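Q: These protein sequence lines are chains A and B, in that order. The first sequence begins at 1 in our numbering and counts up one residue at a time. The second sequence begins at 1 in our numbering and counts up one residue at a time.
For the record, the hints were derived by calculation from the structure and aren't laboratory data. Be careful, since some hints might not be right.
[Said to hold, decoys possible] Some, not all, of what chain A presents toward chain B, calculated at C-beta under 8 angstroms:
no., residue
1, V31
2, P33
3, A37
4, T41
5, I55
6, A84
7, A136
8, T139
9, L180
10, S183
11, S187
12, R190
13, L195
14, L239
[Unchecked claim] Beyond 10 angstroms from chain B on every Cβ pair, some chain A residues (computed):
no., residue
15, F20
16, A42
17, R46
18, T50
19, T51
20, G91
21, R115
22, G129
23, P278
24, I294
25, V301
If you're wondering where the values come from, they're calculated on a predicted model, not measured in any experiment. Ideal Cβ positions, reconstructed from N, Cα and C, are used throughout, including at glycine.
Spelled out from the first residue to the last, the chains are:
2 protein chains.
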Amino acid sequence: MNAEASLGSIGETAALARIFPRLPGSAFALVGPGDDAAVLTAPDARFVVTTDMMIHGPDFRLAWSSAHDLGWKAAASNLADVAAMGAVPTGLVVALAAPSGTSVAFLEEFADGLRDGCAAMAPGCGVVGGDLSVSATLTIAVTAFGDLEGRDPVLRSGARVGDVVAVSGVLGAAAAGIRLLFSDAVSEGRPDASLASALRASRPEITAQLAPTPPIADGRLAALEGATAMIDLSDGLVLDARRLAQASGVGIDLDAARVGPGDALTGGEDHSLLATFPAGARLPGGFRAVGTVIVDTGVFVDGLPFEARGGWDPYEGWDGGDG
Amino acid sequence: MNAEASLGSIGETAALARIFPRLPGSAFALVGPGDDAAVLTAPDARFVVTTDMMIHGPDFRLAWSSAHDLGWKAAASNLADVAAMGAVPTGLVVALAAPSGTSVAFLEEFADGLRDGCAAMAPGCGVVGGDLSVSATLTIAVTAFGDLEGRDPVLRSGARVGDVVAVSGVLGAAAAGIRLLFSDAVSEGRPDASLASALRASRPEITAQLAPTPPIADGRLAALEGATAMIDLSDGLVLDARRLAQASGVGIDLDAARVGPGDALTGGEDHSLLATFPAGARLPGGFRAVGTVIVDTGVFVDGLPFEARGGWDPYEGWDGGDG
Numbered sequence: 001m002n003a004e005a006s007l008g009s010i011g012e013t014a015a016l017a018r019i020f021p022r023l024p025g026s027a028f029a030l031v032g033p034g035d036d037a038a039v040l041t042a043p044d045a046r047f048v049v050t051t052d053m054m055i056h057g058p059d060f061r062l063a064w065s066s067a068h069d070l071g072w073k074a075a076a077s078n079l080a081d082v083a084a085m086g087a088v089p090t091g092l093v094v095a096l097a098a099p100s101g102t103s104v105a106f107l108e109e110f111a112d113g114l115r116d117g118c119a120a121m122a123p124g125c126g127v128v129g130g131d132l133s134v135s136a137t138l139t140i141a142v143t144a145f146g147d148l149e150g151r152d153p154v155l156r157s158g159a160r161v162g163d164v165v166a167v168s169g170v171l172g173a174a175a176a177g178i179r180l181l182f183s184d185a186v187s188e189g190r191p192d193a194s195l196a197s198a199l200r201a202s203r204p205e206i207t208a209q210l211a212p213t214p215p216i217a218d219g220r221l222a223a224l225e226g227a228t229a230m231i232d233l234s235d236g237l238v239l240d241a242r243r244l245a246q247a248s249g250v251g252i253d254l255d256a257a258r259v260g261p262g263d264a265l266t267g268g269e270d271h272s273l274l275a276t277f278p279a280g281a282r283l284p285g286g287f288r289a290v291g292t293v294i295v296d297t298g299v300f301v302d303g304l305p306f307e308a309r310g311g312w313d314p315y316e317g318w319d320g321g322d323g
Numbered sequence: 001m002n003a004e005a006s007l008g009s010i011g012e013t014a015a016l017a018r019i020f021p022r023l024p025g026s027a028f029a030l031v032g033p034g035d036d037a038a039v040l041t042a043p044d045a046r047f048v049v050t051t052d053m054m055i056h057g058p059d060f061r062l063a064w065s066s067a068h069d070l071g072w073k074a075a076a077s078n079l080a081d082v083a084a085m086g087a088v089p090t091g092l093v094v095a096l097a098a099p100s101g102t103s104v105a106f107l108e109e110f111a112d113g114l115r116d117g118c119a120a121m122a123p124g125c126g127v128v129g130g131d132l133s134v135s136a137t138l139t140i141a142v143t144a145f146g147d148l149e150g151r152d153p154v155l156r157s158g159a160r161v162g163d164v165v166a167v168s169g170v171l172g173a174a175a176a177g178i179r180l181l182f183s184d185a186v187s188e189g190r191p192d193a194s195l196a197s198a199l200r201a202s203r204p205e206i207t208a209q210l211a212p213t214p215p216i217a218d219g220r221l222a223a224l225e226g227a228t229a230m231i232d233l234s235d236g237l238v239l240d241a242r243r244l245a246q247a248s249g250v251g252i253d254l255d256a257a258r259v260g261p262g263d264a265l266t267g268g269e270d271h272s273l274l275a276t277f278p279a280g281a282r283l284p285g286g287f288r289a290v291g292t293v294i295v296d297t298g299v300f301v302d303g304l305p306f307e308a309r310g311g312w313d314p315y316e317g318w319d320g321g322d323g
């Protein structure tokens with residue numbers, strides 16, 4: 001098989017035959033890819049499900065993200081939503097649409113990113129099905145599943161006044177990474193692969209943006225320790241804390257010193273976990289306290305209302321030309 | 001709210017707020033849309049899952065397909081894959097990426113198509129989650145779930161020599177519809193909405209192509225009657241029969257007179273169901289016999305090998321300009 005083969009030149013069936021063997025299997029699959037549908041176990045007769053799309057342009061630049069990064073990040077962002085329910089990820093289905101000239105090697109590297117991301121963040125979780133199409137716009141749609149192991153799901157709506165507000169995972173690193181890329185990895189107005197690569201070697205924020213590693217296992221640990229509410233930090237601490245506060249009918253007061261400097265308050269795309277725990281609870285895994293649930297509405301920092309919207313909105317985002 | 005509002009002008013959150021109330025609920029949802037993930041029941045501790053993408057260009061033309069058609073067809077094509085396992089559809093997650101100028105009215109009509117399609121084909125099934133993004137290419141990715149009600153899944157691999165080969169649903173209508181559209185609903189080389197609309201009023205093949213109604217409930221009935229193998233006819237009778245025959249290690253001999261004329265042998269996109277039943281079994285629902293499982297390899301018609309590939313390949317398909 002020609003290493004230069006493209007999706008368009010060999011067709012969907014042949015491309016899938018090359019990708020399939022590289023995809024991670026799921027320990028929960030009773031019937032894997034290859035039939036009309038897959039069959040997964042749902043040990044406690046329920047399953048958690050979430051879906052998220054990544055679009056070339058608003059969501060990533062091919063000059064900056066490798067195919068491996070894209071597979072990894074597509075896994076990470078969906079696994080984080082499963083973790084935020086207090087569930088253990090069990091499987092993914094992956095739909096990918098790519099320009100017909102896309103090399104099969106690119107698709108293989110994407111599959112490797114899914115495999116390595118699952119292995120690093122959610123061992124036992126794998127790809128149980130998918131779809132491959134041709135499109136002018138490279139598009140990745142992942143749906144992820146999880147098992148609650150008999151527990152109630154941890155919703156956004158359960159925070160109670162007096163609870164400790166805690167975070168597991170980095171805050172602001174992904175936002176610092178995208179800012180760095182726009183300031184230092186653009187050449188003649190376009191994303192530049194060489195500059196990004198050089199930058200990445202010395203700046204961990206770049207990898208935090210392009211291939212984040214959220215603390216997936218901490219979702220389950222939070223549920224086991226009695227977390228009252230939880231949310232994935234996809235749009236930034238303040239914006240997502242506001243969502244959790246609103247769903248719970250409470251206010252959240254963040255401690256600026258504990259949150260940290262820079263983009264920690266408002267930077268998006270870290271996919272870290274924000275959870276609330278009863279006062280005095282042991283904080284599990286990587287969780288550390290960053291604030292308190294209060295009788296009020298909205299988000300406060302050191303007792304003062306934080307009115308700035310904060311966070312990441314794909315509709316107000318970047319469109320830095322081709323790349 | 002302005003009727004002319006677009007996805008880009010009001011943003012993802014406001015657009016979702018208008019779409020949500022129109023989406024069909026699922027009788028199987030314990031936690032519906034609005035949290036990080038949904039929670040569905042899986043009564044027998046397993047669930048069936050399949051995913052399928054529809055891309056503007058290769059998969060549909062906006063001059064011919066209404067938003068309602070797209071919602072309906074996205075549901076239909078995924079529900080058919082669930083049905084082909086012998087399962088009852090329980091839920092969908094829907095990711096939609098659209099150009100920023102797409103009107104919110106279009107998105108609402110798309111949601112209505114999902115609602116009406118679920119109500120017509122799979123009552124009790126509904127949308128439990130989704131994602132909305134901006135993309136230059138209108139893209140729809142649906143993942144569908146089903147419940148096996150304690151039965152084994154009906155795989156492609158179970159056909160046995162001597163079984164009856166049967167079909168439920170139309171054969172060739174969707175292919176006849178797309179051919180009609182290309183011959184009679186193109187103006188100056190482009191798909192034409194007025195011509196398509198006039199044609200649709202008198203030719204049911206057009207609706208069979210743009211908003212098919214596969215016999216979803218017959219998947220469950222086939223399983224209850226002991227179907228040994230089953231597949232959704234997405235790529236045409238011959239091509240999908242070949243897949244089933246190959247997976248089962250048998251040959252399939254089709255009876256031309258029973259299959260019918262025109263596109264019935266090779267036309268794709270009907271999403272009808274092809275199943276094999278033990279000889280003498282009562283054929284349930286809309287199933288009628290079209291052939292026999294034989295000791296051989298591949299597909300035969302009236303005893304003669306059918307070598308033509310047949311069927312629908314998106315990589316060899318049409319690209320008829322904008323529309």
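Q: Provide an ascending list of the numbers of those earlier hints which the structure does not satisfy.
A: Per hint list: 2, 9, 10, 11, 12, 13, 14, 16, 17, 18, 19, 20 and 22 violated.
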